[in-house]
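Asker: The residues making up each chain are set out below.
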Amino acid sequence: EAGVAQSPRYKIIEKRQSVAFWCNPISGHATLYWYQQILGQGPKLLIQFQNNGVVDDSQLPKDRFSAERLKGVDSTLKIQPAKLEDSAVYLCASGQGSNQPQHFGDGTRLSIL
Amino acid sequence: SQKIEQNSEALNIQEGKTATLTCNYTNYSPAYLQWYRQDPGRGPVFLLLIRENEKEKRKERLKVTFDTTLKQSLFHITASQPADSATYLCARQASGGYNKLIFGAGTRLAVHP
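As you go down the protein sequences, you meet chains A and B in turn. Using this note's numbering, you'd call the opening residue of the first sequence number 619 and step up by one each time. Using this note's numbering, you'd call the opening residue of the second sequence number 22 and step up by one each time.
Label pairs and their in silico Cβ distance ranges:
{"#": "1", "chain 1": "B", "residue 1": "Gln35", "chain 2": "A", "residue 2": "Trp640", "range": "39 to 45 Å"}
{"#": "2", "chain 1": "A", "residue 1": "Lys662", "chain 2": "B", "residue 2": "Ala131", "range": "21 to 27 Å"}
{"#": "3", "chain 1": "A", "residue 1": "Gly658", "chain 2": "B", "residue 2": "Gln93", "range": "19 to 25 Å"}
{"#": "4", "chain 1": "A", "residue 1": "Glu686", "chain 2": "B", "residue 2": "Lys78", "range": "36 to 42 Å"}
These are computed hints drawn from the structure, not numbers from a lab. Yeah, the Cβ is synthetic: ideal placement off N, Cα and C, and Gly gets one too.
Whole structure, please, built from the sequences with the hints as guidance.
Answerer: What follows is the structure in structure tokens.
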């Protein structure tokens, strides 16, 4: 089975610019997650979708971050405007439900200059 | 708050020995813990899930334990190989959300020939 696809793999922008990341989850997975992983830390959940709906966005900086999941499949995460502290790897994961493993993509490494 | 703590120091062991990694959690016992492996530049890969009512779980050379009294999980790799060198992440089920996970910072394991 194909894994979670993410693009781009790398992105370099200047602060105050905007950026978007794309994720295609494993086919049939209803749950989609976006994580932020800062160097030396574990992944931190930003937002979780169940089909089209948001079930948890408590740690999403909503003044600058937004995410959507189109038709319960692909998802995009946007940052506008970017700050220096947003430099991190943004990971997308998908899963089939509670007590189930999450399947991760290889992430987008974002560098803010 | 619900936290996961892993030894931030790297673990260096000799090939063929057993590696033991520790994960401590705070607050109430989670319904389950998950362990993931992460290689540099890659997303985490699921290894094992252990439920609160399970004391021990095994998969090939891997073994994980769950001690609700000590609030601790131990992850063992027997007959370690250089290919086992990676960062290992522990994650706890968190309240709220749906299959929401809180990750530790990970422990880097280096297996030397």
